[in-house]
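Asker: Taken in sequence, the protein lines are chains A, B, C and D.
Heads up, the first sequence stops at 412 in this note's numbering, and the numbers go up one at a time, no gaps.
Heads up, the second sequence stops at 252 in this note's numbering, and the numbers go up one at a time, no gaps.
Heads up, the third sequence stops at 316 in this note's numbering, and the numbers go up one at a time, no gaps.
Heads up, the fourth sequence stops at 416 in this note's numbering, and the numbers go up one at a time, no gaps.
For the record, the hints were derived by calculation from the structure and aren't laboratory data.
For clarity, every value in this text was computed on a predicted model and none was experimentally measured.
It cannot be assumed that every hint is accurate.
[Unchecked claim] Within a straight-line C-alpha distance of at most 25 Å, the following computed DSS-like cross-link-like pairs (lysine-lysine) qualify:
no., chain 1, residue 1, chain 2, residue 2
1, A, Lys196, A, Lys171
2, B, Lys141, D, Lys3
3, A, Lys183, A, Lys171
4, D, Lys394, B, Lys120
5, D, Lys319, B, Lys141
6, A, Lys140, A, Lys191
7, A, Lys114, A, Lys140
8, A, Lys302, A, Lys292
9, A, Lys324, A, Lys292
10, A, Lys58, A, Lys302
11, A, Lys58, A, Lys304
12, B, Lys122, D, Lys3
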Amino acid sequence: MSFWRMAVLVGVLYPMCSHGADAVRIAFIDPISGTFSATGTNTLHQFEFAAEELVNKKAGVLGGRRFEIVALDNKASPRESQIQLKRAIGEGIQIIAQGNSSAVANAVTDAVRKHNRRNPANRVLYLNYSAVDPALTNDKCHFWHFRFDAHAEIKMAALTDVIAKQENIEKIYIIGQDYSFGKAVAAAAVKFLGQKRPDMAILGNELHPIGRVKDFTPYVTKIQSSGAQAIITGNWGADMVGLGKAIVDAGMNVPIYTYYAAFDGVTATMGKAGKGKIRLVHEGHYNPVPTKRLRDYHSAFKAKYPDHDLSNQRVYNVIEILAKAIDKAGSSDPLPVARALEGIEHTTLGGERVFMRREDHQLFQPLQISVHTDEGIEFDGDNSGFGLRTEESVPLENTLVETTCKMTRPQS
Amino acid sequence: MNSILSLTGVSKSFDATEIIRSVDLDIIEGERHAIIGPNGAGKSTLYNLITGRYSVSQGSIRLRGRELAGLQPFEINRLGLARSFQVTNIFSNLTVFENIRCALLWSMQYRYSFWHLVRKQKQLNEESEQVLQQIGLGARKDMLAGVLTYAEQRSLELGITIAGGADVILLDEPVAGMSHTEADQSVELIKRISEGKTLVVVEHDMGVVFNLADRISVLVYGEIIATGVPEEIRNDIKVQEAYLGSLDEQDA
Amino acid sequence: MVEIVIFSTLNGLVTGLLLFMLASGLTLIFSMMGILNFAHASFYMLGAYFAYSVSLFLGFWPGLIVAPLLVGVLGALVERYGLRYVHKSGHVAELVFTFGLAFFIEELVQFAWGKETKNYQQPEILDFPLFTLFGQNFPAYKGFMIFISIAIFIGLYQVITRTRIGLIIQAAISHPNAVSSLGHNVPLIFMGAFGVGTALAGVAGVIAGPVLTTFPGMALVLGSIVFVIVVVGGLGSLTGALIASLLIGLLQSYAIALEFAVNDLLALFDISFDADHFLNDLWTLSLPQIAPVLPYLLLVLILIFRPTGLLGKRET
Amino acid sequence: MAKVRGLLVWIASLAVLLLLPGLFDSVLSLSILNQMGITIIFALSYNMLLGQGGMLSFGHAVYFGLGGFMAVHSLNYIEAEVFSLPVILLPLIGGLFGLLFAVFIGSFSTRRAGTVFAMISLGIGEMIAACSLIFVGFFGGEEGISGDRTMAPEFFGFDFAQDLEVYYLIAGWVFVATLLMYLFSQTPAGRIANAVRDNPERAEFIGYSQRMVRFISFCGAGFFAGVAGGLFAINYEILTEENLNAITSGNVLLMTYIGGTGVFVGPIVGAVLLTLLQTVLSNYTELWQLYVGLLFVATVMFMPAGLTGVLMIHTVAWKNGRLRQLILPYITVGVPAFVLLCAIVGLLEMLQFYRHGVVGEHEMTLFFVSVDTSSVWPWIVTLLIAATAGYLVKALTPRLLSAWASANAPLERAKT
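Using the sequences plus the hints, can you model the full thing?
Answerer: Structure, rendered in structure tokens:
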């Protein structure tokens, strides 16, 4: 047995020991299989496209090094992410990108922190492009974590501004996924509505298991019979598709305020039934397109991936800002890159100024509130003819929030 | 005349059908007792009742005066009563040696021990070897029980039954399906291993029965119609009627 | 409150009857062959995927006919060339085989159709509200689901109680060994039963696909709950399976609708605990939370105390 | 003689365990080795049920997971200085709680064997997995529970910050646990478990309560599963619901069965092989799980004794001294069979690339050869290779079978 084990190990592990150190490799740890595979796969394509289009086609970084995206499937599970993270580190990858599910992000950020403390010679950098649990840049912040998406509280502040203006809404229902992100959304909604519309009654504040509910009809029945006049939800991926479908089927006709109710099947599901009802808070621009650069980029993406969408506009920011920081640092090693990222300023494809705050490694950027519609849509979602059109913009200054982060910085 | 196993008024019904009807039977210590009867008379059921495989509907079964009703098969076995089966019932994926050794474990006080290594137990292994020699399977020691010939499996069945050292042994058709020579060898074996023990045997082969038994009981339709020494049974009118009658039925 | 009761009942009915469609086939197979087919829900998934593929070219309705037939044929082939082969190694080997099959089919589906969710839609002709109560629509498609399930129950019941084949099936359920001695071709009957059973699962897949979404994990979601129904309902009892299915369907929909918590119960007795009590999770335990646990609790209790199930005739 | 050989095997295994990190010192191979070690203990504990006790469980991950959760909670208690314990003893905590829980569950589930036991284990497994979302305090909900192994008191100067230290910790436990499980199989309780597996009824008539025998094996399996869970907690420092759900339970069944349930080392082979497939093969192909599925179904159908079982059936030929007669037939059938396998894999990979590959790219690398999937030729060539190899296998198999029969025929001098 022992002999066999050895022989097999030698045979299989040997080819993996050597790797070209030429490309800057970025491990993309997100769900490529399982319930949330659609979200993960779609984002993976956006990363690959951004790396190709924004870096590799333009002479790369550090005078010719390419970006290479290495996809690692974590099945949206914190535990599996840990295993994949170990694997990425084992393969000598120094930059980790992850975004889907704050549960995963909490595990990854913790693991990265521990790993870097224990292995100063072999550190990694964690680029969080989408996990928006506020804790990640507050109590749980650390030097190696950078977040490129506005966190749940910032987004909810913008969203509740819009809700507060709707005089006719007096009763509202909050439903979300039962984990840190869903809880953060609910807490922020309760907090801001209490400040901005103390008269508004919150009829329900419900959490459902993430990724397990296949038929949302019972939940919608409950929301409907509660007499709610509006719904707030942070649901994403398959959970948003399911919720949207049940709402459409039940014929509910109330506005829905969301974080992620677009693309990955949601836009197609909501279709006509959701027209003018869904409001969504996001960064970047879908329609109208503010700059030619963004339009060209978006068109090129659709040309290459006709069945996918540019759902996460922050992805191109991640790639561009990372490339900028690497060039500025003159190295792709985590420590100099992290130092370069702190406080970095950048103009996005959409022509907006954004900056990475030094105190908590949170990227601040203008936000948009858009509506789901088929009017004035240049770039639609799910090839359905429906898409997002910007209704209101929140300038960068209005998105600044305080942080409790106490960052400690490594000396070397 | 010491009765070691006694059945009084034992009945067993499945749903509405009464298979065993008020059976009284006394097995005397040290005797070789045969139970005969036509097919379907309830002989195997009677065994299953005594050994705890089925529960008794009515009546009482006592081993050395101790009530057996309500006890599990393994509890009855531990009281010193072992049985063999009509259909070979061995541990076919274990070696022949292992079969015997397992059968010895409880009686040698190992119980459920997980702190003894069986390999190191000298006495256990020696006794297992002895039983193997006794049943003539010494050469087959390391073979899997499942690949033995039929006759060998029957011997092993017997070996498992006696290995635990029980002093009351119930055999269920030990020579069924064997050729004449095999059966003769088997009877010799049974005689040898049952020395000093109480033996109850169910058998169809009358030659074997009369060769082996000190006393015979005749079970017909769930009732004991006669008990006695072979001569008495041979001459009993009721037995002859029952047997001839049933033979007629079988022929028809 | 009334509307919650009405709609929860309807929702429960839809789920329950869907489960029944799956369970009816599994009960048939389990009762006759003694095999708890782990891959049963995988055939349900195959039904959905086949129907999806057919619907791309021919629309929904041909899929409703073609997909179950394909699944049934596939099931019969699996019985003929797989199960029958494994059968000689005993029940444990059969269970392991069907388990492996379930694993394999899931991978096969991902290979053939990809890992992402398929956009399998209900037919447009059924895309209207059947009726509206208290401002809430009841979709016609769900009505259609109820109709199909009830039709299958009645159909199966008639076949089993009224026809010659039904009599043989009944005999095979209660005395599996006796049927062969009556001169029937038992292997053929088994193959047929397996084919029909899996085809029924296929039907369930076809009509559930658009509602419960068609994705590679859809078998896993329903896999073990179907076992619960078959074991709880009892071996060989179609009616038992129906009752158990409805029970679990209603349980799931009511549990979400009614938000009772242990807290509320304790409040009746004027007992309350601080939120930082170390057993806080226990005090705030609510009905929606424990709903997923209940079916399995029922399964374990039934297996321990009443192995024949609710209406079964033989032990599991 | 046999005794010495047995001892040598153990010493050699220990040496290999100690030397492995010298051979494979990259971060990646260390993490694979760690994963392997944990899986080996888990699979061996599962085989105490399936292989040795005849109990098919669909919920063995429960004991693994609960042991792991208790271990990770202990880590946190140690960090909070509630009590103190060296990390090296943490798996013992996992084991004890695995045992405790197994005692409780086993007290009713081992009453029956076969399908009923399998169903109860499934029910319990699903129940505990569902509970993990209810008792958030204990299971940590979606996020799970994390700990930090370096917060425990140092053990002779080791703080287990490095994977290498963790490797030696795991290797030590693998050795001890394997030895203990092997010794258990050699005790009266272990031997009688085999007897009960083969024929529970007969065991009752030699004085053993089948229920009690199963219960003891069940508890032992729970203990070692808990130990594996504790090691998982140390290695990954996070436990989630997945550690105790049906998928983990299914995986351990899979690897144990593929490795072989009838031989003690079977599960070890299965665990090593499956971990390698999972970590290494998955780098090369997205279809690795499909291959695992194929392997599993093929194992159940054609070699129910598993991979080690296939090796074991050669012992007769070996004892007959005729193993050499098999070499040539094996090569003549094995080579085309291997080619056939490669061709099938090639077809599957090409199909996968053709259907799911990046739009506009047709070039893929297959067995070190660049292939253009948009042209028909690669397809035709692969099909032709497959057909030829398939024909050869079919034509040459009868020869193999007859060689097999003659190699296994009893020797003349053997008594019949």
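Asker: Evaluate each hint against the coordinates.
Answerer: Hint by hint, here is what the structure shows:
1. A:Lys196 <-> A:Lys171: The hint holds at about 14 Å.
2. B:Lys141 <-> D:Lys3: 19 Å, holds
3. A:Lys183 <-> A:Lys171: The hint holds at about 20 Å.
4. D:Lys394 <-> B:Lys120: 50 Å, violated
5. D:Lys319 <-> B:Lys141: Holds. Lysine 319 (chain D) to lysine 141 (chain B) sits at ~16 Å (cutoff 25 Å).
6. A:Lys140 <-> A:Lys191: 21 Å, holds
7. A:Lys114 <-> A:Lys140: 12 Å, holds
8. A:Lys302 <-> A:Lys292: 15 Å, holds
9. A:Lys324 <-> A:Lys292: Measuring from Cα to Cα gives roughly 21 Å; hence the hint holds.
10. A:Lys58 <-> A:Lys302: The given pair, whose Cα atoms are some 20 Å apart, holds under the 25 Å limit.
11. A:Lys58 <-> A:Lys304: 18 Å, holds
12. B:Lys122 <-> D:Lys3: 15 Å, holds
Consistency note: the structure conflicts with earlier hint 4 alone.
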